[in-house]
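*Asks:* Sequence:
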Amino acid sequence: MPQPDCTISSAANSNLDSVFGPVLSDLNRSRYSAAMMKLTLLSNNYSKDLNFLRLLARTQRALVDFTGLIKTLVLIATITKTSTDYLEQMLVLYSQGRLNEALDVGLHLQDMNQQDMNLPANEQKVLSHCLIKIYLEFGDYEGVHEVVATCNTAEEDDLMLWAMGLVLLASGKKNDALMVFRKSVALNRSNDQAWVSLSLLHEEMGDRELALANLDKAFDANPNNATGLKLLTKWHHRDVVQTNKVMNKVRHYLSHYEFDEEISLCYMQLLKEVDDMNSLRFEVEKLVLHNPRNTEYMIMKKNLEVSIKTAQ
1 MPQPDCTISS AANSNLDSVF GPVLSDLNRS RYSAAMMKLT LLSNNYSKDL NFLRLLARTQ
61 RALVDFTGLI KTLVLIATIT KTSTDYLEQM LVLYSQGRLN EALDVGLHLQ DMNQQDMNLP
121 ANEQKVLSHC LIKIYLEFGD YEGVHEVVAT CNTAEEDDLM LWAMGLVLLA SGKKNDALMV
181 FRKSVALNRS NDQAWVSLSL LHEEMGDREL ALANLDKAFD ANPNNATGLK LLTKWHHRDV
241 VQTNKVMNKV RHYLSHYEFD EEISLCYMQL LKEVDDMNSL RFEVEKLVLH NPRNTEYMIM
301 KKNLEVSIKT AQ
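Here the sequence shown stands for residues 1 to 312, where the numbers follow our numbering.
To be clear, the hints were calculated from the coordinates, so they are not data collected in a lab.
Heads up, a few of these hints could be off.
Computed spacing ranges between beta-carbons, pair by pair [stated by the list, open to error]: (1) Ala226 x Thr80: 36 to 42 Å; (2) Thr40 x Trp235: 53 to 59 Å; (3) Glu156 x Ser18: 46 to 52 Å; (4) Met179 x Lys71: 43 to 49 Å; (5) Asp17 x Asn152: 42 to 48 Å; (6) Ala226 x Ser30: 29 to 35 Å; (7) Val240 x Ser30: 45 to 51 Å; (8) Asn118 x Glu285: 55 to 61 Å; (9) Thr82 x Arg31: 27 to 33 Å.
With a straight-line Cα cutoff of 27 Å, these simulated DSS-like cross-link-like pairs (lysine-lysine) come out [said to hold, decoys possible]: (10) Lys217 x Lys230; (11) Lys234 x Lys286; (12) Lys272 x Lys302; (13) Lys174 x Lys133; (14) Lys183 x Lys173; (15) Lys272 x Lys245; (16) Lys133 x Lys183; (17) Lys230 x Lys301; (18) Lys245 x Lys286; (19) Lys230 x Lys133; (20) Lys302 x Lys286; (21) Lys173 x Lys234; (22) Lys125 x Lys217; (23) Lys272 x Lys286; (24) Lys234 x Lys245; (25) Lys217 x Lys234; (26) Lys230 x Lys173; (27) Lys217 x Lys183; (28) Lys301 x Lys286; (29) Lys174 x Lys230; (30) Lys174 x Lys217; (31) Lys81 x Lys71; (32) Lys230 x Lys302; (33) Lys71 x Lys133; (34) Lys81 x Lys133; (35) Lys217 x Lys245; (36) Lys81 x Lys125; (37) Lys38 x Lys48; (38) Lys38 x Lys71; (39) Lys234 x Lys302; (40) Lys286 x Lys309.
Every residue, glycine too, gets a C-beta built ideally from N, C-alpha and C.
Starting from the given sequences, assemble the full structure and let the hints guide the process.
*Replies:* Here is the structure:
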């Protein structure tokens with residue numbers, strides 16, 4: 001009879017509500033530490049319960065405890081064996097720079113997809129994008145090519161087109177790469193990575209003005225594109241007006257990130273151009289404090305102090 005089953009299910013749900021309700025209440029009120037304390041008390045009895053684990057994952061994410069979150073997501077995926085949970089695990093691993101582990105999970109998902117367990121279209125797209133990003137980090141253009149080749153909708157996907165352009169560029173096919181990059185930005189004008197790739201390609205072809213114009217498009221899409229900022233520091237017209245414009249872009253980036261050595265070095269180059277020695281001294285001090293064992297920074301600091309004394 002269905003009625004008894006419904007009664008049992010209802011009773012079970014009621015019990016879960018009484019157990020996890022206070023935790024959910026804390027989470028909904030952004031009281032994450034309080035939620036974690038309650039979960040810790042429940043862990044002895046519910047450590048393998050999916051409701052408990054999903055609430056724990058949500059709490060760990062809110063508390064920025066990615067080490068704990070990854071362990072929880074691994075346990076969840078082990079229990080459910082669903083593509084959705086494996087994919088979430090992969091994305092968190094990738095976000096934390098654990099690329100080899102993320103790749104292992106991604107390859108497992110690919111195997112699942114090939115074994116008549118077709119992933120939903122949206123999950124296939126996320127998986128393909130993450131695999132492409134990992135392969136690009138490794139410089140594995142063959143891996144990128146394989147991912148793109150197995151995707152039926154690659155021609156309609158701006159990120160995949162951009163990645164394929166990089167594969168073509170790596171094999172020396174500049175004109176083909178140029179066409180693919182153009183297709184990518186035509187599909188999505190907010191793809192700052194593709195605009196930067198176009199910019200680099202035009203620079204290689206000897207057209208600095210077009211390279212700079214493409215960098216402008218990249219910054220329209222993403223003012224904090226670090227690669228673009230490094231290129232702009234090298235390529236900009238070295239007059240006061242242009243230098244100040246570039247400095248404003250670099251300052252905007254540095255205001256959003258605690259520290260970035262490469263962008264700080266770009267900023268220092270610009271400060272030299274405008275002869276702002278006090279600001280330059282401050283930036284060098286930051287580099288030395290951040291990496292006191294770097295002998296180049298120590299030498300830079302000494303040379304700067306000598307230059308300032310000489311100028312005085």
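*Asks:* Now look at each hint and say whether the structure bears it out.
*Replies:* Hints, one by one, checked against the model:
1. In this structure the supplied range 36 to 42 Å holds for Ala226 paired with Thr80, their Cβ-Cβ distance being about 37 Å.
2. One distance hint, 53 to 59 Å for the beta-carbon pair Thr40 and Trp235, holds here, with the actual separation near 54 Å.
3. A C-beta distance of roughly 49 Å is found between Glu156 and Ser18, which places it inside the suggested range of 46 to 52 Å.
4. Look at Met179 against Lys71: about 45 Å separates their beta carbons, and that is inside 43 to 49 Å.
5. Roughly 44 Å separates the CB atoms of Asp17 and Asn152, a value that falls within the hinted 42 to 48 Å.
6. The hinted range of 29 to 35 Å is satisfied by Ala226 and Ser30, whose Cβ atoms lie roughly 31 Å apart.
7. A beta carbon spacing of about 47 Å between Val240 and Ser30 agrees with the range 45 to 51 Å that was offered as a hint.
8. One distance hint, 55 to 61 Å for the beta-carbon pair Asn118 and Glu285, holds here, with the actual separation near 57 Å.
9. Look at Thr82 against Arg31: about 29 Å separates their beta carbons, and that is inside 27 to 33 Å.
10. Among the hinted pairs, Lys217 with Lys230 is consistent with the structure: their alpha-carbon atoms are about 15 Å apart, no more than 27 Å.
11. Only pairs whose Cα atoms come within 27 Å are accepted, and Lys234 paired with Lys286 is accepted, the gap being roughly 22 Å.
12. Using a Cα cut-off of 27 Å, the hinted pair Lys272 and Lys302 holds, with the two alpha carbons roughly 16 Å apart.
13. Under the criterion of a C-alpha separation no larger than 27 Å, the hint pairing Lys174 with Lys133 is consistent with the structure, at around 21 Å.
14. For the hint pairing Lys183 with Lys173, the CA-to-CA distance comes to about 16 Å; that is within 27 Å, so the pair holds.
15. Of the pairs offered as hints, the one joining Lys272 and Lys245 holds, with about 15 Å between alpha carbons and a cut-off of 27 Å not exceeded.
16. Taking the CA atoms of Lys133 and Lys183, the gap is near 19 Å; set against the 27 Å cutoff, the hint holds.
17. Using a Cα cut-off of 27 Å, the hinted pair Lys230 and Lys301 holds, with the two alpha carbons roughly 22 Å apart.
18. A C-alpha spacing of about 23 Å is found between Lys245 and Lys286, which places the hinted pair at or below 27 Å, so the restraint holds.
19. Between Lys230 and Lys133, the direct Cα distance comes to roughly 21 Å. Compliance with the 27 Å bound is thereby established for this hinted pair.
20. Taking the CA atoms of Lys302 and Lys286, the gap is about 14 Å. The hint holds against a cut of 27 Å.
21. Restraint check for Lys173 and Lys234: the C-alpha separation of about 25 Å stays at or below 27 Å, so the hint holds.
22. Using a Cα cut-off of 27 Å, the hinted pair Lys125 and Lys217 holds, with the two alpha carbons roughly 25 Å apart.
23. Restraint check: the Cα-Cα separation between Lys272 and Lys286 comes to about 16 Å, which is no more than 27 Å; the hinted pair holds.
24. For the proposed pair Lys234 and Lys245, the alpha carbon gap of about 14 Å is at most 27 Å, so the pair holds.
25. Restraint check for Lys217 and Lys234: satisfied, since their Cα atoms lie roughly 17 Å apart, inside the 27 Å limit.
26. For the hint linking Lys230 to Lys173, the alpha-carbon distance of about 25 Å falls within 27 Å, and the restraint holds.
27. Distance hint between Lys217 and Lys183 is fulfilled; the C-alpha atoms sit about 15 Å from each other, no more than 27 Å.
28. For the hint linking Lys301 to Lys286, the alpha-carbon distance of about 10 Å falls within 27 Å, and the restraint holds.
29. The straight-line distance between the Cα atoms of Lys174 and Lys230 is roughly 22 Å, inside the 27 Å bound, and the hint therefore holds.
30. For a cut-off of 27 Å, the pair hint linking Lys174 to Lys217 stands: about 21 Å separates their Cα positions.
31. The straight-line distance between the Cα atoms of Lys81 and Lys71 is roughly 15 Å, inside the 27 Å bound, and the hint therefore holds.
32. Of the pairs offered as hints, the one joining Lys230 and Lys302 holds, with about 25 Å between alpha carbons and a cut-off of 27 Å not exceeded.
33. The hinted pair formed by Lys71 and Lys133 meets the criterion: a straight-line CA distance of about 23 Å does not exceed 27 Å.
34. Taking the CA atoms of Lys81 and Lys133, the gap is near 24 Å; set against the 27 Å cutoff, the hint holds.
35. The suggested pairing of Lys217 with Lys245 holds, with an alpha-carbon distance near 15 Å, which does not exceed 27 Å.
36. Of the supplied pair hints, the one linking Lys81 and Lys125 holds, its CA atoms being roughly 19 Å apart against a limit of 27 Å.
37. The straight-line distance between the Cα atoms of Lys38 and Lys48 is roughly 16 Å, inside the 27 Å bound, and the hint therefore holds.
38. Distance hint between Lys38 and Lys71 is fulfilled; the C-alpha atoms sit about 19 Å from each other, no more than 27 Å.
39. As the CA atoms of Lys234 and Lys302 are separated by approximately 25 Å, the hinted pair is consistent with the 27 Å bound.
40. This hinted pair checks out: Lys286 and Lys309 have alpha carbons roughly 20 Å apart, not beyond 27 Å.
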